[in-house]
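Student: Let's have the full structure, built from the sequences with the hints guiding it.
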Amino acid sequence: MRTLSFLLLRRTTSLLSIIRRPLLLPLHRSLHVDAPSNPTSQILIHPNPNPNSLASSSNHEREGGGEEEEGEEDAFMTEFLSRFVHSIRPVLADAYPSLPRQTLDSMLLLICRRVVSEVDPSADPSESVELSEDLWKAVHEASRSVHEAMRRDRVRNELKKYLHSDDVKEMCRFAGDVGVRGDMMRELRFKWAREKMEEVEFYRELEKIRESESKEEEAAPAKVAVEVLPERKGKIKYKIYGLDLSDKKWREVAERAEEAEGKILQEEAKPVVGRSKRAEEKVYGLNWKTDDIMPVLKEWAEALGARRVDWLALLERIKEKNVQLYLKVAELLLTEESFEPNIRDFSKLIDAYSKADKIQDAERILNKMTENGIEPDILTYIILLHMYSKVGDLDRAKDAFESLKTQGFQPDLKAYTSMITAYVKAGHPKQGENLTREMEARDIRPTKEIYMELLRSFAEQGQVDGAQRIMNTMQFSGIQPTLESSTLLVEAYGQSGDPDQARGQFDQMRKAGHKPDDQCTASMVAAYAKKNLLDKALDLLLTLEQDGFKPGIATKSVLVDWLGRLQLVEEAERVLEEIAVMGEAPFQIHVSLCDMYSRAGNEEKAKKSLKVLEGKKRLLRADQFERIVSGLLAGGMVEDAKRMYQSMQGLGHTPSEPLKVTLMAAQSIPRQKPGTRRW
Numbered sequence: 001m002r003t004l005s006f007l008l009l010r011r012t013t014s015l016l017s018i019i020r021r022p023l024l025l026p027l028h029r030s031l032h033v034d035a036p037s038n039p040t041s042q043i044l045i046h047p048n049p050n051p052n053s054l055a056s057s058s059n060h061e062r063e064g065g066g067e068e069e070e071g072e073e074d075a076f077m078t079e080f081l082s083r084f085v086h087s088i089r090p091v092l093a094d095a096y097p098s099l100p101r102q103t104l105d106s107m108l109l110l111i112c113r114r115v116v117s118e119v120d121p122s123a124d125p126s127e128s129v130e131l132s133e134d135l136w137k138a139v140h141e142a143s144r145s146v147h148e149a150m151r152r153d154r155v156r157n158e159l160k161k162y163l164h165s166d167d168v169k170e171m172c173r174f175a176g177d178v179g180v181r182g183d184m185m186r187e188l189r190f191k192w193a194r195e196k197m198e199e200v201e202f203y204r205e206l207e208k209i210r211e212s213e214s215k216e217e218e219a220a221p222a223k224v225a226v227e228v229l230p231e232r233k234g235k236i237k238y239k240i241y242g243l244d245l246s247d248k249k250w251r252e253v254a255e256r257a258e259e260a261e262g263k264i265l266q267e268e269a270k271p272v273v274g275r276s277k278r279a280e281e282k283v284y285g286l287n288w289k290t291d292d293i294m295p296v297l298k299e300w301a302e303a304l305g306a307r308r309v310d311w312l313a314l315l316e317r318i319k320e321k322n323v324q325l326y327l328k329v330a331e332l333l334l335t336e337e338s339f340e341p342n343i344r345d346f347s348k349l350i351d352a353y354s355k356a357d358k359i360q361d362a363e364r365i366l367n368k369m370t371e372n373g374i375e376p377d378i379l380t381y382i383i384l385l386h387m388y389s390k391v392g393d394l395d396r397a398k399d400a401f402e403s404l405k406t407q408g409f410q411p412d413l414k415a416y417t418s419m420i421t422a423y424v425k426a427g428h429p430k431q432g433e434n435l436t437r438e439m440e441a442r443d444i445r446p447t448k449e450i451y452m453e454l455l456r457s458f459a460e461q462g463q464v465d466g467a468q469r470i471m472n473t474m475q476f477s478g479i480q481p482t483l484e485s486s487t488l489l490v491e492a493y494g495q496s497g498d499p500d501q502a503r504g505q506f507d508q509m510r511k512a513g514h515k516p517d518d519q520c521t522a523s524m525v526a527a528y529a530k531k532n533l534l535d536k537a538l539d540l541l542l543t544l545e546q547d548g549f550k551p552g553i554a555t556k557s558v559l560v561d562w563l564g565r566l567q568l569v570e571e572a573e574r575v576l577e578e579i580a581v582m583g584e585a586p587f588q589i590h591v592s593l594c595d596m597y598s599r600a601g602n603e604e605k606a607k608k609s610l611k612v613l614e615g616k617k618r619l620l621r622a623d624q625f626e627r628i629v630s631g632l633l634a635g636g637m638v639e640d641a642k643r644m645y646q647s648m649q650g651l652g653h654t655p656s657e658p659l660k661v662t663l664m665a666a667q668s669i670p671r672q673k674p675g676t677r678r679w
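1 is the number of the first residue of the sequence shown in full-length UniProt numbering; add one for each residue after it.
Everything labelled a hint here was simulated from the structure, so no lab data went into it.
Mixed in with the good hints there might be a few duds.
Stated by the list, open to error - Straight-line alpha carbon distances no greater than 25 Å define the calculated DSS-like cross-link-like pairs of lysine-lysine that follow:
#, residue 1, residue 2
1, Lys319, Lys348
2, Lys611, Lys660
3, Lys321, Lys282
4, Lys348, Lys405
5, Lys319, Lys298
6, Lys328, Lys355
7, Lys511, Lys448
8, Lys368, Lys398
9, Lys616, Lys642
10, Lys328, Lys270
11, Lys425, Lys358
12, Lys607, Lys660
13, Lys556, Lys607
14, Lys355, Lys616
15, Lys405, Lys430
16, Lys358, Lys368
17, Lys355, Lys321
18, Lys390, Lys448
19, Lys425, Lys448
20, Lys414, Lys348
21, Lys556, Lys616
22, Lys298, Lys368
23, Lys348, Lys289
As the list claims (entries may be wrong) - Pair ranges (Cβ atoms, derived):
#, residue 1, residue 2, range
24, Val581, Glu614, 20 to 30 Å
25, Glu199, Gly583, 52 to 62 Å
26, Gln324, Gln410, 36 to 46 Å
27, Leu413, Arg256, 34 to 44 Å
28, Glu252, Phe409, 31 to 41 Å
29, Glu302, Phe409, 40 to 50 Å
Nothing here was measured: the structure is a model prediction, and the numbers come from that model.
Idealized CB from N, CA, C, for every residue including glycine.
Tutor: Following this line, the structure appears as structure tokens:
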């Protein structure tokens, strides 16, 4: 490669002959000891205060670029010297206005040689001269301005290339399709091109860093591996914070810890091959309802020499293929000695049965656990609490909740939620509300879902005070009223027999910006139906229809119930046909139909609705059971009424005294069926 000094001599001669620029900045300083003195100032030549800074500034554009080709280096240095001479000449001309042009050219040549010697370590330092401190400052300023200009030009050229890249064109095409034009399109195009350029430079720098690190690793000396450790004489003593761990007692502690770890950490199951594989295939083909599974399991255990870990692996494989078979096998293994059952096996099975809504099976496993002398622990009581709250068994849920407290467990959010759900399903929202206060006292914040369950329970029972308390508590907790909560408050007033207050809450909800939906309107119509205010209900529907509301299934279901109570059978059936066109009617509508048809003497249609209700009797409330039984008794269907009465008691609902008396009277004194009505 040609040296930079030779390049400087070749290029500077032509540059000095063509560069012309007026004087810009005054700088009255002496440049060299051989230069003529300026009458306005006398400055001596000083050594370079920081020569490395210029070299680092000049090398900034080429850092990390690796070894460039000779032509690229020459082009870079040519451009740099050209711009540098063009920038420094006005400064020298302003400092020495009386010097001839030839002298200034010689001074520029000396300065450029000095700059090249700083930039290129291979240059001959004997050809350069020392510059004064003030001149170094001028050189640095000129160098920085030159590099900044070169950097801007490079970025501009790079940006032009990315302006025409495929990615930028694609984004501009998309922007044009969506209507972007003019200056905004131009700004977006430059922005995308700049981002693309920055992305390419980022990955380019990463590649350079990776290459430099790989070179350093190759140049680093290989580590010498230690083949033999020096032999140590004497007894080794291990002391940590003054504790001598070389004592024999710590060996016993380590052995016990290893033994405990072996029990905690699961061992690997044996591979199932040959005879055990064939026995396992037999297990998969068994019918969990009719076949005797235990002999096949024993055959599998004898063939494999099964331990607990093998049984657990088998259960997992069975669970993936057949869940019912898994439950059956898991229950049988509770009496298998090689399985070594513990309390977790019982609790897992109880949890599985509870999630499958098999409460009797879960209780059977619980009884089997207590018979084996294993008392339920906290985890088991939590499972029982969730199970009993799910089915609405309040007494057993309370027992499980109190047992948790007795064992020292502080109920968490899930435990409180399950207990509140049990109170709500049992129709005791007041006790559930007391639990929310207990939660707040323990800094456990009730969720919105808990408040909504309590509000819904208060609304169904018509307890306006309780519903209003829940609404106020929700607002204090930062939960703003919604359409659903406002609807429940309207329902609470309607169930309490106060349609005026319900209408006031309804209008207040509309003023708050909540547009009544079908369910909210149904609650308001039900409030009027309770007092048989047909004119006000029609006025409400007409007012809402003017605002674009159309009655849906919920509102029409309330109308069917209302017409059924009035024994307007034809009108109720007409509305029922409209519901069938709109979609599937809720099953609760069959409560109204069963009552209406029973009282009207249409036994066939009454039994049809009764069959639907018996299939979903777990979803019926106590008041709905009361109405069904009363309607059946009024229609002379005593046997059906007795059957529903027993179902009501079996589900834990307490019949009212008037219903008991009516049923006893119907059984002792046969009633004459009412005459049928023409349809």
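Student: Starting from Lys348, check that the Cα of Lys289 is at most 25 Å away, please.
Tutor: OK: Lys348 and Lys289 at ~21 Å, within 25 Å.
Student: Measure nothing beyond the straight line between the CA atoms of Lys321 and Lys282; if it is 25 Å or shorter, mark the hint as holding.
Tutor: 13 Å, holds
Student: Checking one constraint from the list: CA of Lys616 to CA of Lys642, max 25 Å. Satisfied?
Tutor: Cα-Cα ~17 Å, so holds.
Student: Checking one constraint from the list: CA of Lys355 to CA of Lys321, max 25 Å. Satisfied?
Tutor: 18 Å, holds
Student: Has the given pair, Lys319 with Lys298, been kept, meaning a C-alpha gap of at most 25 Å?
Tutor: With a Cα-Cα distance of about 19 Å, the restraint between Lys319 and Lys298 holds, given a limit of 25 Å.
Student: For the pair supplied as a hint, Lys607 and Lys660, confirm whether the alpha-carbon distance does not exceed 25 Å.
Tutor: Cα-Cα ~22 Å, so holds.
Student: Does the alpha-carbon distance linking Lys348 and Lys405 stay inside the 25 Å limit?
Tutor: 22 Å, holds
Student: Do the alpha carbons of Lys328 and Lys355 lie within 25 Å of each other, as the hint requires?
Tutor: 15 Å, holds
Student: Between the beta carbons of Val581 and Glu614, is the distance compatible with 20 to 30 Å?
Tutor: 27 Å, holds
Student: Under the criterion that the straight-line Cα-Cα distance not exceed 25 Å, is the pair Lys405, Lys430 satisfied?
Tutor: 21 Å, holds
Student: Is it true that the CA of Lys556 sits at most 25 Å from the CA of Lys616?
Tutor: 22 Å, holds
Student: Would you mind confirming whether the straight-line C-alpha gap from Lys611 to Lys660 stays at or under 25 Å?
Tutor: 23 Å, holds
Checked against the numbered hints above, the structure violates none of them.
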